[in-house]
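Enquirer: Full structure from sequences and hints, please.
In case it helps, the UniProt record's numbering puts the sequence shown at residues 1 to 738.
There may be inaccurate statements among the hints.
[Unchecked claim] Below 27 Å or equal to it, Euclidean Cα-Cα: the simulated BS3-like pairs (lysine-lysine) are: (1) Lys375 / Lys148; (2) Lys287 / Lys375; (3) Lys181 / Lys134; (4) Lys52 / Lys111; (5) Lys356 / Lys325; (6) Lys634 / Lys717; (7) Lys294 / Lys375; (8) Lys333 / Lys294; (9) Lys516 / Lys485; (10) Lys566 / Lys430; (11) Lys344 / Lys134; (12) Lys608 / Lys56; (13) Lys310 / Lys375; (14) Lys161 / Lys356; (15) Lys566 / Lys608; (16) Lys503 / Lys485; (17) Lys136 / Lys102; (18) Lys333 / Lys364; (19) Lys174 / Lys410; (20) Lys406 / Lys134; (21) Lys102 / Lys430; (22) Lys8 / Lys23.
[To be verified] Computed Cβ-Cβ distance ranges for the label pairs, DEER-style: (23) Ile734 / Asp117: 45 to 51 Å; (24) Ser46 / Glu427: 23 to 29 Å; (25) Lys177 / Lys127: 38 to 44 Å; (26) Asp633 / Phe468: 42 to 48 Å; (27) Ile487 / Tyr601: 45 to 51 Å; (28) Asn288 / Ala354: 17 to 23 Å; (29) Phe262 / Glu284: 21 to 27 Å; (30) Glu284 / Ser217: 21 to 27 Å; (31) Ser428 / Ala156: 26 to 32 Å; (32) Thr17 / Asn58: 16 to 22 Å; (33) Ile386 / Glu323: 27 to 33 Å; (34) Phe468 / Ser46: 35 to 41 Å; (35) His727 / Glu476: 38 to 44 Å; (36) Val121 / Asp633: 40 to 46 Å.
Just so you know, these hints were derived from the structure itself, not from any lab. All C-beta atoms, glycine included, are put in the ideal place defined by N, C-alpha and C.
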Amino acid sequence: MIEKIEIKDTATYIDETLDNLSKVNFIYGNNGSGKTTISRIITNESAYPNCKIYWKSNHTLETVVYNTDFINDNFEQSEEIKGIFTLGKEEADTQKKIKDEKNNIEDITNKINELTDSLFVNEENIKNQNTISKEKFWKIKQAFDKEKTPLVNAIAGARGKIDTFFDRVLSEYKNNKSELKTKEELEEIARQCYVDSSEQLLPVTIIPYSEIENLESNEILNKSIVGKDDLDIADLIKSLKNSDWVKTGMKYVSLSNSKCPFCQQTLPANLEERLNDYFDVTYENDKNTVIKLKRDYSNAISIYLDNVNKLLSSSYEQLNKDELKITFTSLQKITDSNFNEINKKLENLSQKFALKSILDYCKKIDAIILDANNKINEHNKFIQNIKTEKQKLEPLVWKYICNELKDDIKEYSDNIGKLETEKANLESDKSEKNTELAEHETTLAELEKKQTSVKPTLDSINKLLADFNFTGFKLELGGDEFTYKIIRLDGTPVEKTLSEGEKSFVTFLYFYNLLKGSQATTGLANNRIVVIDDPVSSLDNDILFVVSTLIRRLFENISNNTSNIKQLFIFTHNAYFFNEVTYNNGFLKNPEVRYILIKKYNNETKIKNCINEKPINSTYDNLWNEVRIAEKDKTSINIVSIQNTMRRIIEYYFQFLGGIDIKNLHTSKILKDKDDIAIYRSLLSWVNSGSHSSFDDLFYVDSDDSLLEKYLIVFKKIFEDSGNIAHYNMMMKIEGEQ
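Expert: This is the structure in structure tokens:
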């Protein structure tokens, strides 16, 4: 069965869908609205690439379509018509075998449909499992993006689409044999590959400190610098150990006018000379050596510390700057202490001092620089082979990802494995059933060949033609035993002399019988979709009624499951036919029936599903609706309008449908009031005038509004007098009255 039809960019359809289709589908639309387009899509979907038919359980059925194409194919190309093969009545045993084969085919087809449905559910479960796992796997990629880790560069080829990433994870999990590294290790490699400079780096220069080493080994600080020992004043100075004090006080001697700066007594005449002899050249040389040591040490330390500070502010990422800064701070403290010791020495030359060595710290800085240079060497080698390094990194990153997802991957593999096994079993069962079905269809075809004949259909069509007074022509066998031709009663071919009504009726009868047979000797039992597109063109109302009755018989067979017709589409633009063919109180609420309206606006066709309502009411229904409104509220409608409405109903019902002569209606037993009789004659005189058809322009008669109630009474009595009160009650929706 067809569940849905999508129509895009075809004829006047832009993008429309026929959905929620059922076993029986009534589709109403004016001429040119697009009905035949739909019937042609059902006939040959492949000819309409922008359209798609959705079959239940993906099970395609044979389609039999009645439209202008069918008429042209079967009645325009040749004087002879293809015969319709149906089963004969001979050989009861063969008939039983055919029936059994049909039942077998039906049972197997149902089983195939069940398997198809199960496969659909299985495939949906597989899709759902894939969707769930894809989203789980995708989270690690999203985490990479959020963290802005350089690892994303190593998976660039699969990070753009969730499906690609999912497939890559499964492939890597199965095949990746790389070493498992930590995320930190991988990020360090990734930074070198994708983030760090791709240029080679110069090594860090070792900072020389040999001068500092030499200055630290100078013994001058550890030497007691004093005057000569062989002078008479030396013993006391030596005893008091106040050489530095004496040296400091000498500057006051020259300023004290030969008096002692302390006791102010007159100094010996040669004291200053003797003191100068005490602090001789050797003393001065040693003092100058200390001064020079301070100057040289200060310069050397300043240069060294400045170079270390430059390293701290450099762009070398390979340097352990945290360790370097700690060492630099310690170095500053020691050099500050050493400067303090040198200053003390200059103030107290006779005392001994020693410098703290900074060589261990200098060597530590050397080690930091050497470590950085080793990393720089590795970096430079890496840069020389960066393409190879990137290729090495990629599988390492995928290995890490797979390890992080291993539990999710295992869960997916277990679940999908069960579903794939189930799918394989269902497909195997379906394949076996298809093989079994083909065998039974072959057997049925062989049995049908023995029993089929075109003669029963010929007899059936001729009988229907005679029953409905189409006596001017009939069918007989053609030039061979498998075709028909249409002839006049004298045996001459009709050629092009059939009227449009005759042609339409015989064409439909041919199609109707085709539904019970086949144009080949086999295929009679095939399940079918039937499409009937505007079958009542050029038919008068009597024949239209016959066609409607035959089509309603198809509805009954479908509802009772007594036919190989599994779905029916009825297309029409004829409102009267539409209401005739749907005239069944059970249809409107039947869940197996759909009503669809097709309309064209500004050269664009639109489709509307009509839920629990017919898409149109006939003109006749609308006329009665006006009477119902007037009966309920006599002030809501124009009296002139309702007069004409009642006249149109009377003519349409009694003359057009019933063939009753209005002049034969008598109301003498019912109508006694003169006004009532006048109203009655007023209604009938317009009908009898013969100047108007049932739906011509309105005929207006002046009347007082107070007469409306009498018009309604007389209108009802006309139906009572003629024995048609049941029809009146039905149309007025009055229940329980006869």
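Enquirer: If a hint holds in the structure, say so; if it doesn't, say that too.
Expert: Consistency of the hints with the structure:
no. : hint                        : result
1   : Lys375 / Lys148             : 25 Å, holds
2   : Lys287 / Lys375             : 48 Å, violated
3   : Lys181 / Lys134             : 24 Å, holds
4   : Lys52 / Lys111              : 26 Å, holds
5   : Lys356 / Lys325             : 20 Å, holds
6   : Lys634 / Lys717             : 18 Å, holds
7   : Lys294 / Lys375             : 38 Å, violated
8   : Lys333 / Lys294             : 17 Å, holds
9   : Lys516 / Lys485             : 20 Å, holds
10  : Lys566 / Lys430             : 22 Å, holds
11  : Lys344 / Lys134             : 77 Å, violated
12  : Lys608 / Lys56              : 22 Å, holds
13  : Lys310 / Lys375             : 19 Å, holds
14  : Lys161 / Lys356             : 66 Å, violated
15  : Lys566 / Lys608             : 23 Å, holds
16  : Lys503 / Lys485             : 13 Å, holds
17  : Lys136 / Lys102             : 51 Å, violated
18  : Lys333 / Lys364             : 16 Å, holds
19  : Lys174 / Lys410             : 11 Å, holds
20  : Lys406 / Lys134             : 14 Å, holds
21  : Lys102 / Lys430             : 19 Å, holds
22  : Lys8 / Lys23                : 24 Å, holds
23  : Ile734 / Asp117: 45 to 51 Å : 48 Å, holds
24  : Ser46 / Glu427: 23 to 29 Å  : 25 Å, holds
25  : Lys177 / Lys127: 38 to 44 Å : 31 Å, violated
26  : Asp633 / Phe468: 42 to 48 Å : 45 Å, holds
27  : Ile487 / Tyr601: 45 to 51 Å : 48 Å, holds
28  : Asn288 / Ala354: 17 to 23 Å : 20 Å, holds
29  : Phe262 / Glu284: 21 to 27 Å : 25 Å, holds
30  : Glu284 / Ser217: 21 to 27 Å : 23 Å, holds
31  : Ser428 / Ala156: 26 to 32 Å : 42 Å, violated
32  : Thr17 / Asn58: 16 to 22 Å   : 18 Å, holds
33  : Ile386 / Glu323: 27 to 33 Å : 28 Å, holds
34  : Phe468 / Ser46: 35 to 41 Å  : 39 Å, holds
35  : His727 / Glu476: 38 to 44 Å : 43 Å, holds
36  : Val121 / Asp633: 40 to 46 Å : 56 Å, violated
The structure fails hints 2, 7, 11, 14, 17, 25, 31 and 36 (numbered hints given earlier, in ascending order).
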